[in-house]
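J.: So you can see what is in the structure, the chains are spelled out below.
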Amino acid sequence: MEQRLFALQRLSAMVMAPFVLVHLGIILYAVRGGLTAAEILARTQGSLFWIPFYSLFVISVAVHVPIGLRNILIEWARLSRGAASVCCFLFGLLLLSMGLRAVAAVGGLLS
Amino acid sequence: MKSPRNHRAYWAFLGHRLSGLALGVFLPAHFYVLGLALEQQARMDAFLKFADMGAVKFGEWGLVLLLSIHMCFGLRLLALELLPWSTTRDARLSWISWGGVLSLCVGVIFALGVI
Chain A
1 MEQRLFALQR LSAMVMAPFV LVHLGIILYA VRGGLTAAEI LARTQGSLFW
51 IPFYSLFVIS VAVHVPIGLR NILIEWARLS RGAASVCCFL FGLLLLSMGL
101 RAVAAVGGLL S
Chain B
1 MKSPRNHRAY WAFLGHRLSG LALGVFLPAH FYVLGLALEQ QARMDAFLKF
51 ADMGAVKFGE WGLVLLLSIH MCFGLRLLAL ELLPWSTTRD ARLSWISWGG
101 VLSLCVGVIF ALGVI
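Residue numbers (this note's numbering), protein chains in the order written: chain A, 1 to 111; chain B, 1 to 115.
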């Protein structure tokens, strides 16, 4: 279990590194002159690039973040491995559902 | 006696862990606001106006900085764990400085973009 989570944490990090770089670039480009919902949606809705890009990003995040939080809960908050695993599994599901909903919303998939 | 934790690699570990924790806690709020685009574009716009306030922009600047720090220090960890070491002392400490400098550059570019 620990070995698998360790490997999964590193694999998701490798998948995410280019996503984070592109995301940072988009942030630096998009914030110039302020943001509006219409401006964001015009860029993202129905885009064959943004929707798969951010869907994969969200899935990687939902794997990577809970494993890191689990380590923190075990090492710093002294939670048992079982309790930390349950908390972080639920948090991962929350991130996955909220993240994919956000991608669907911003990508215009459900409108 | 010098504390065993008072060295650059420990501060990098702490920076990586705390930035990851902050980003992880922030993500649900980030996804919630983006999810508003589904039915409540006006509310999303109201939030974006709120996010234009100085204090909120400062918070955004901090998050961008944390994301960059987390990525740079995380890449160093991957290099330490997966790439060969040329010597036993090759802890890639210079990556910490470069990661810090790169993150500061990202922070400066963000600040120049929103001012």
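Simulated from the structure, these hints should not be mistaken for laboratory data. Errors might be hidden in some of the hints.
[What the hints assert, rightly or not] DEER-style ranges, computed between Cβ atoms:
hint	chain 1	residue 1	chain 2	residue 2	range
1	B	113	A	38	18 to 28 Å
2	A	55	B	78	45 to 55 Å
3	B	9	A	108	20 to 30 Å
4	A	15	B	25	15 to 25 Å
5	A	47	B	46	20 to 30 Å
6	A	33	B	13	34 to 44 Å
7	A	55	B	25	27 to 37 Å
8	A	47	B	89	46 to 56 Å
9	A	21	B	11	35 to 45 Å
[Said to hold, decoys possible] To be clear about the criterion: a stretch of chain A counts as covered by chain B if any three or more of its residues have a C-beta under 8 Å from a C-beta of chain B, and this derived list gives those stretches:
hint	region
10	14 to 28
11	67 to 79
Every residue, glycine too, gets a C-beta built ideally from N, C-alpha and C.
J.: Each of the hints needs a verdict: does it hold here or not?
T.: The hints, checked one at a time:
Distance hint for residue 113(B) and residue 38(A): a CB-CB separation of about 19 Å, consistent with the stated range 18 to 28 Å. Taking 45 to 55 Å as the suggested C-beta distance range, the pair residue 55(A) and residue 78(B) does not conform, at roughly 23 Å. Take residue 9(B) and residue 108(A): their Cβ atoms lie about 45 Å apart, and the range 20 to 30 Å is violated. As the Cβ distance of residue 15(A) to residue 25(B) is approximately 22 Å, the hint placing it in 15 to 25 Å holds.
Against the hinted window of 20 to 30 Å, the Cβ-Cβ separation of residue 47(A) and residue 46(B) comes to about 25 Å, which satisfies the hint. The beta-carbon spacing between residue 33(A) and residue 13(B), approximately 38 Å, falls within the hinted interval of 34 to 44 Å. Against the hinted window of 27 to 37 Å, the Cβ-Cβ separation of residue 55(A) and residue 25(B) comes to about 22 Å, which falls outside the hint. In this structure, residue 47(A) and residue 89(B) meet the distance hint of 46 to 56 Å, their C-beta atoms being roughly 48 Å apart.
Against the hinted window of 35 to 45 Å, the Cβ-Cβ separation of residue 21(A) and residue 11(B) comes to about 23 Å, which falls outside the hint. Counting residues of the region 14 to 28 of chain A whose CB lies closer than 8 Å to any CB of chain B gives 8, which reaches the minimum of 3, so the coverage claim holds. A stretch counts as covered by a chain when three or more of its residues have a beta carbon under 8 Å from one of that chain; for the region 67 to 79 of chain A and chain B the count is 3, and the coverage holds.
Hints 2, 3, 7 and 9, counting from the list given before, are not met by this structure.
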